[in-house]
Amino acid sequence: MLAIETADLHKRYRDIHALDGLTLSVEPGSVFGFLGPNGAGKTTTIRILAGLARPTSGRATVAGLDVAADRAQVARRIGHLPEEPAFYTWMTPPEFLDHVGRIFRLPSAERSARARELLELVGLAEARKRRIGGFSRGMRQRLGLAQALMNRPDVLFLDEPVSALDPTGRKEVLELIERLRERCTIFMSTHILADVERVCDTVGIIARGRMVAIARQAELLARYAVPAFELACEPAEAARLAEWARALEAEPWVQSVTPHNGAVRVVARDVAAAKARLLPAAVAAGLPLTRYEMVRPSLEDVFLRLVGPEGGAA
Amino acid sequence: MSLLVALRKELLELSRTYRLLAVVALLVVWGLISPLLAKLTPEMMRLIPGGEAFLALIPPPTIADAVAQYVKNQSQFGVIAALILAMGAVVGEKERGAAALILSKPLSRGAFLAAKALALALAFGAGLALGGAGAYYYTALLFGAPSLGGWLALNGLMWLFFAVYIALALLGSVVARSQAMAGALAFGALIVVGGLGSVPRLGEWMPSKLLAWGSSLALHQGGAAWPALAASLALIAAALLAAWAIFRRQEL
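Going line by line, the protein sequences match chains A and B. Positions 10 to 323 (the numbering used here) are the ones given, in order, by the first sequence. Positions 479 to 730 (the numbering used here) are the ones given, in order, by the second sequence.
Check the hints yourself; a few may be wrong.
Covered stretches of chain A, as calculated for chain B (at least 3 residues, CB under 8 Å) [claimed, not checked]:
no., segment
1, 56-68
2, 85-95
3, 105-117
Short, incomplete list of chain B residues facing chain A, as computed with Cβ under 8 Å [said to hold, decoys possible]:
no., residue
4, 480
5, 491
6, 579
Note that these hints are calculated values from the structure, not bench results. No residue lacks a Cβ here, since even glycine has one placed at the ideal position from N, Cα and C.
Sequences and hints are given; from them, build the entire structure.
Laid out in structure tokens, this is it:
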């Protein structure tokens, strides 16, 4: 049984087609990175899967349960962290977690033990006596994560879970997500590609409400990442390097040439030919190279290729 | 079960945010002041320059004046408090996002809504109980005791009167997309329902008749307003059912 499945999911808001036949499936136990540009339909998808919005048409299931027909059952099996979690600001963190525990009908002893454990886990144990109203955005995000875990969910929906956190907080939350991998399926939307590369084993890329790619991260990189080479010179020779690189565009084995962080990135159409000819050509041109490397394909390359101006999906 | 969980939260919120205290204090203060105001009106007239000329026109205050003062003050200030508290109850949580967070959990929207209505009704019930007791004591002290059963009935009917506006304001809070809009809807309802109360024949069915009925019960006078009672109960039920039907279809 799949942890999450959607089939031809559509969502219209008057003239806007937020989801346009979204089809995806997520294996149990995986950490699924849901990537897409702003307005691609990531939050709409999560809201539908969490039972907060209804699809215009199509079907969605979570833990084998239809999100429209079995809303109450689905709610028992999931945890949900919205992008900007909002709480009852007059409560303290243990009080809020206790309220959530009561909604899930957890016994009193379990509620208090679980609240203590989760506040420790997300680094809010010190702030347990403070009112949530005085919390920073990062602290709210951590509390949001704690409340989403209160019921030990089978499927955890995280909408931009680290966007409000400082680098240390981000690292801690990502480590926490990695640890949760064993316990539940995680569906995480984000625009921070490095985070996806770090924690997600499966990646789905959405653009204009449609899934443009979905695969395990390694497969996706192998399938879509473009073979690229980077060359760099002393800063004084940068202009000569750029001029030489522009001339390379005429070569049949070169797909494109772009300046990249003070160097030049050459995307090859024919990798074997590029390997054989690129470096000799630079040497023959008398360029004093300080760096020459075949660049490891990144998720950013795949993302830009699929949803950037070249990809045409965005 | 989930209604009790939601109700617990609502009562805790009313208490922690001092709204419960405000409601109770408002109704107690006006409950205590009203019979005093009735008693001291002639004295106050004497303090106004030239007011002595009107003293002869004012008959000595009676228990009927005390009851009238009580009903007028409690209903005016109480209904405004009811609208203010109820109008932001749902739309406020929707705007902030707290409703989306909590309603993605196994808490039904019906329980969420019913808890808000019940908590406000209980708060006003507590305020009326204390305010009514205080007013009864002072009225008895200054004018002689009104009928206890009638006094309880008066406060029960006034509580129902508040409940009508709580239900209407909650409906507005569900329908509205902002707190300002919810406020406009709530006070619009007050104007419409209040205005209809002064329309001949139709007024017999309006909640304001409950207050007149309560007053006559407290003063051992005859007369009943069963149509107003039936219409008020129907209005409460219709407003809450409509709020639930709309809210359960809303996307958060």
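So which of the earlier hints does this model not fit? Per hint list: zero violations.
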